[in-house]
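Participant: So you can see what is in the structure, the chains are spelled out below.
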Amino acid sequence: MMACRMLRPEKLEEWLAELLRSERRLIAPQRQGEDVVFQPVQTVDDITLDYINTRWPVKAWFFPPSEPVLRYRYQGSGVELEQPNMALEPRVIFGVRPCDAAGLAILDQVFNSDGEDEFYTRRRTMTTIVGLSCTHPAASCFCTSVGLSPTASAGSDLLLTPMGDAGYLVETLTARGEQLLWEYGHYFAAGECRSKEAVTEAAEARMSRQAALAQGIELSERLFEHPIWAEVARKCLGCGVCAYVCPTCHCFDIVDDSDAWGGVRCRNWDSCGFSLFTRHASGHNPRPQQDSRYRQRVLHKFSYFPQRWGRLMCVGCGRCVTNCPVNMDIYATAQAVLQVQGVKHET
Amino acid sequence: MSDDNWRPQIVAFVCQWCTYAGADLAGTSRIKYDPNVRIVKLPCSGRIGPLFLLKAFEQGADGVLVSGCHPGDCHYVSGNLLARRRFTVFRELLIFLGLEPERLQFSWVSAAEAVKWTEVVDAVTAQIRALGPRRQGWGAEARLQTSNSKAQSLEAQPGTRNLKPGTQKAVEEGIRRIARQLLQTGEAGVIVGYGNGTLKDVTTPLFVTEPEGVEQLVWNERCLNNLSVYLTREPVTRLGRVGIVAKGCDARALVALLQEHQIERDKVTIIGVQCAGMAENGRLAARCAVCDVHTPPLYDHLVEDRALDTGDWAEGDPRDREIAALEALTPAERWAYWQEQFARCIRCYACRAVCPLCYCETCIADKTQPQWVPPAFDARGNLSWNIVRAFHQAGRCIGCDECARVCPAHIRLDLINRKLALLIRDAYGYRAGYDATVAPPLTTFRPEDRAEFIR
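Chains as they are written, first to last, in my numbering: chain A, -13 to 333; chain B, 76 to 530.
Honestly, the hints are just simulated from the structure, not real lab data. Heads up, some of the hints might be wrong.
[Claimed, not checked] Sample of chain A residues with no beta-carbon within 10 Å of chain B, all distances over it, derived: (1) Tyr37; (2) Asn71; (3) Thr107; (4) Thr121; (5) Tyr173; (6) Glu207; (7) Leu209; (8) Lys221; (9) Val227; (10) Trp255; (11) Gln282; (12) Gln293.
[Stated by the list, open to error] Which stretches of chain A does chain B cover? Using the computed rule of at least three CB atoms under 8 Å from a CB of chain B, they are: (13) 247 to 254; (14) 266 to 277; (15) 315 to 327.
[As the list claims (entries may be wrong)] Facing chain B, from chain A, some residues (calculated, C-beta under 10 Å): (16) Asp21; (17) Val23; (18) Ala46; (19) Pro54; (20) His122; (21) Gly150; (22) Ala152; (23) Met193; (24) His212; (25) Ala216; (26) Cys225; (27) Val231.
Just so it is clear, CB atoms sit at the ideal spot from N, CA and C, and this is done for glycine as well.
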């Protein structure tokens, strides 16, 4: 399945234009004010390639912030239920950065862990991810520190890596990717499998954040109870930005949005940073303050998740770092915690 | 709208002593009038909170009518006069967000005014019938879709003035000197100030508890955070008596916190800093362009900036031009503009978390019994949340615009805050955060308060 193709620079736009005319819905990065966001494409001219990364990770296209799972209406003494409309046309999402694609690979594990999550999985199977390797990482990026790379292929169906004037190296990674390549084969030149190593190395050389965090945090009682958590979390104000811009955070809450006649049961994003996240009906809160909540966030990503799934739940996109109102920095925190744990790390 | 069978649904919230009795009299007098109004009776117009009006709109009302006793007739002396200020501000907020003014109306109807009641109902019904059904429900289903509204072309206008940073190093030294002294003498157990962040050009809130640590305190044009938010946070206050570094806008928040009895004046030491303005995208932040608190209104120690250049403010606040441009649009265009903005809201509540005046133990948005704010992150829920946030800040917001700075979706909360601040300044001669001894504007009234919109 590791066949390689090249896509000439001038062919990229032609290919996207034809995708736009096809029965697939094309979703690609576009300007929105000062940001670049994934949006359904109206014309190919709206697509931009000028972005380090999109404002939001791609996860919302699979796991929306708020999703109706059923609607209900009171009828006499009974209740009438209505399933949400699950119809979905096939989609191509173009331009997903390797960190965000890797986030999808992580969500795939979570949403298929004990039974299949039909809402998530349906969108996944109807969507082909065309990844786009990263050549100019931001100052907040740290994907190599968590075991990924600016050209990593996890989560993508096709991955394009810019190879200068020669165009894009096209890696076919899944059957969905192969299908897309087969349908539009005439845009892609068969060629020898050129190595993307030089591109990877050049991009990595531009990254200032390169610590060894990939081994994760080894949990001990001492570490769990260590005063470092209160120290690092003191400035945390308890909003949900970090979780909501994270490509891998997947916690949700099921709530009823209702009135006297009926309502919608919806699945809303939730965040371990909120006090409400763990508050019991009795009023007792096992995570009474921000230190234990932030500890949960860090340990879930660097300890609990790796224990269960064998990989970190952080892809190093840096969004939580740049969007935090008070500069909470998970990269710095993970390093500090590893130091407490006694692990030497390079900076 | 061409449907001849359509009848508007209008909810009337009335006080039980005057308007309800007036409506009762209209009924017993067999006066014929439009039957489209459903009456909800409450003890006093002072009990008719904006949340009720929101709920009516949320659940599909085409119009809402609020009616109570005439000024001077209130069964509880002043309930209607207090309510009048709230109604004034709430009405203007909804109009700014694009609601047609005719859909939210107010009247004073006494127990004897059966005829006036029927006339009010007929007039309101006629106006709403002419408008037709409320467009698109409460909040348009616009998530992740682009709309091509004219209003969308209104782009953020950053300040055009350059920064005049002043003598940052000297100020920084001054802050450190006072901080060291406070920690050494034990006057403060913790200094809340700014330190260098983990990324270039970013500062971070810093808590210093040892005199040696003051060298980490910094001062530059990127000290954006309003640190006064930490004065109501136990993990910080548990470190001891707080000494806090405060710009003018931060000190205004401290004034408001004192006014609302959230902090005690003798339990905090304020290190006021003269500030020439903060930077956003390398330019003077919009809110700093009309700053009149370069010297904080409240402090115990003042760190002066000898080179402070407050410039001339002839250019005014760039946001005022944006507000004027929005107000020149039709209600439908304004509605489209704000729907597009609110559609981006992901309810991360960063706006709430950074606000020094959002100190409620449990936010109304998190309450479920009753569920005041719709929990779904859809157009309806997002609209209600943003209205509740804005209205709760009305007359209290000190204009630091931290909420707008941290919003990951870049929703123009600053325009809403500014609009309400201007309204309250013009209507009640009040600006928040200057004087802790006066009553906040929505907790008081004057007999001559604005009432031109009340029938």
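Participant: Looking back at the hints listed earlier, which ones does the structure fail to meet?
Facilitator: Numbers 8, 9, 10, 20, 21, 22, 23, 24, in rising order.
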